[in-house]
Amino acid sequence: MTTTQLTPPYYAVIFSSRMGEAEGYAEMAERMVKLAAEQPGFLGVESARGADGFGITVSYWESEEAIAEWKANAAHLGAQEMGMARFYDAYDVRIARVERAYSGPGERPPVR
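Per the working numbering, residue 354 is the first one in the sequence shown, and the count goes up by one each step.
Because the hints were derived from the structure by calculation, they are not lab data.
Ideal Cβ positions, reconstructed from N, Cα and C, are used throughout, including at glycine.
Take the hints with a grain of salt, since some may be wrong.
[Stated by the list, open to error] Label-pair restraints from in silico Cβ distances: (1) Arg450 - Ser400: 13 to 23 Å; (2) Ser456 - Glu376: 33 to 43 Å; (3) Ile448 - Lys387: 20 to 30 Å; (4) Arg453 - Gly373: 34 to 44 Å; (5) Pro458 - Ala425: 36 to 46 Å; (6) Pro458 - Glu376: 35 to 45 Å; (7) Glu434 - Ser456: 21 to 31 Å; (8) Ser400 - Ala428: 15 to 25 Å; (9) Asp445 - Gln392: 17 to 27 Å; (10) Glu418 - Gly459: 29 to 39 Å; (11) Ser416 - Gln358: 14 to 24 Å; (12) Arg453 - Glu374: 36 to 46 Å; (13) Gly457 - Asn426: 30 to 40 Å; (14) Ala454 - Pro393: 28 to 38 Å.
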């Protein structure tokens, strides 16, 4: 699925972070993506991290209620606590409603 296959309106949770310690992070992030994919209202996720430790993950959701349920998920809460204590030097979360989406020519990486 690509983001252009999603039909607006939908919501994007934009999580940007500066990585601190990285050991164990990839495994935790993979578990969270798998768990999020099981949540009602989850539409997909895109993620990238640069060599300098700055990363951005955008998850897509059907509703604000679905986002709130994901935020309150017990395993996700544990991962958030671990992230704050161990993995992230700094982070920001933004939630946006996507009203329009379009793409240009060329192949785009899929939303997981």
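Problem set entry | List of violated hint numbers, smallest to largest | 7 and 14
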